[in-house]
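Trainee: Sequence:
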Amino acid sequence: MGKSKRAINPADALRKQQRKRELKKNKEDRKRAREQALAKKDTGRVKGEIQRLENQGMFLPGSAQAALAERQQKQRQQSESRKMVYDPKTNKFVPVKVKG
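Following the working numbering, the numbering of the sequence shown begins with 3 at its first residue and continues without gaps.
Some hints here could point you the wrong way.
[Unchecked claim] Below 20 angstroms or equal to it, Euclidean Cα-Cα: the simulated SDA-like pairs (lysine to any residue) are:
hint: 1; residue 1: Lys22; residue 2: Gln38
hint: 2; residue 1: Lys29; residue 2: Asn11
hint: 3; residue 1: Lys94; residue 2: Ser83
hint: 4; residue 1: Lys76; residue 2: Thr92
hint: 5; residue 1: Lys42; residue 2: Glu30
hint: 6; residue 1: Lys85; residue 2: Gly64
hint: 7; residue 1: Lys49; residue 2: Gln79
hint: 8; residue 1: Lys27; residue 2: Gln38
To be clear, the hints were calculated from the coordinates, so they are not data collected in a lab.
Generate coordinates for the entire structure from the input sequences, incorporating the hints supplied.
Mentor: The structure is reproduced here in structure tokens:
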């Protein structure tokens, strides 16, 4: 006879259910902690490096300079579009509200 046909002790079933709920809660807590850690990370060093590399681009030949300017323009547009979210109440894209 297989184990699946056996009745589970009600106390064991309760413990199993509680453990399942606890694991789900812990998973949500870990996810929330990861998101908070990412939000708190300092991006100043990376932004400084980007600025330094952009300044190096000033000394490129004409065609490369134009391509760089075009790419930077596209990146700025994409960055601005990421700062917008869709609001279903107004059926429009609105600026993101920063929690602070």
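Trainee: Give a verdict on every hint.
Mentor: We went through each hint and held it up to the structure:
{"no.": "1", "hint": "Lys22 / Gln38", "verdict": "violated, 25 angstroms"}
{"no.": "2", "hint": "Lys29 / Asn11", "verdict": "violated, 27 angstroms"}
{"no.": "3", "hint": "Lys94 / Ser83", "verdict": "holds, 13 angstroms"}
{"no.": "4", "hint": "Lys76 / Thr92", "verdict": "violated, 27 angstroms"}
{"no.": "5", "hint": "Lys42 / Glu30", "verdict": "holds, 19 angstroms"}
{"no.": "6", "hint": "Lys85 / Gly64", "verdict": "violated, 32 angstroms"}
{"no.": "7", "hint": "Lys49 / Gln79", "verdict": "holds, 17 angstroms"}
{"no.": "8", "hint": "Lys27 / Gln38", "verdict": "holds, 17 angstroms"}
Violated hints, listed in ascending order, are 1, 2, 4, 6; each of the other numbered hints is respected by the structure.
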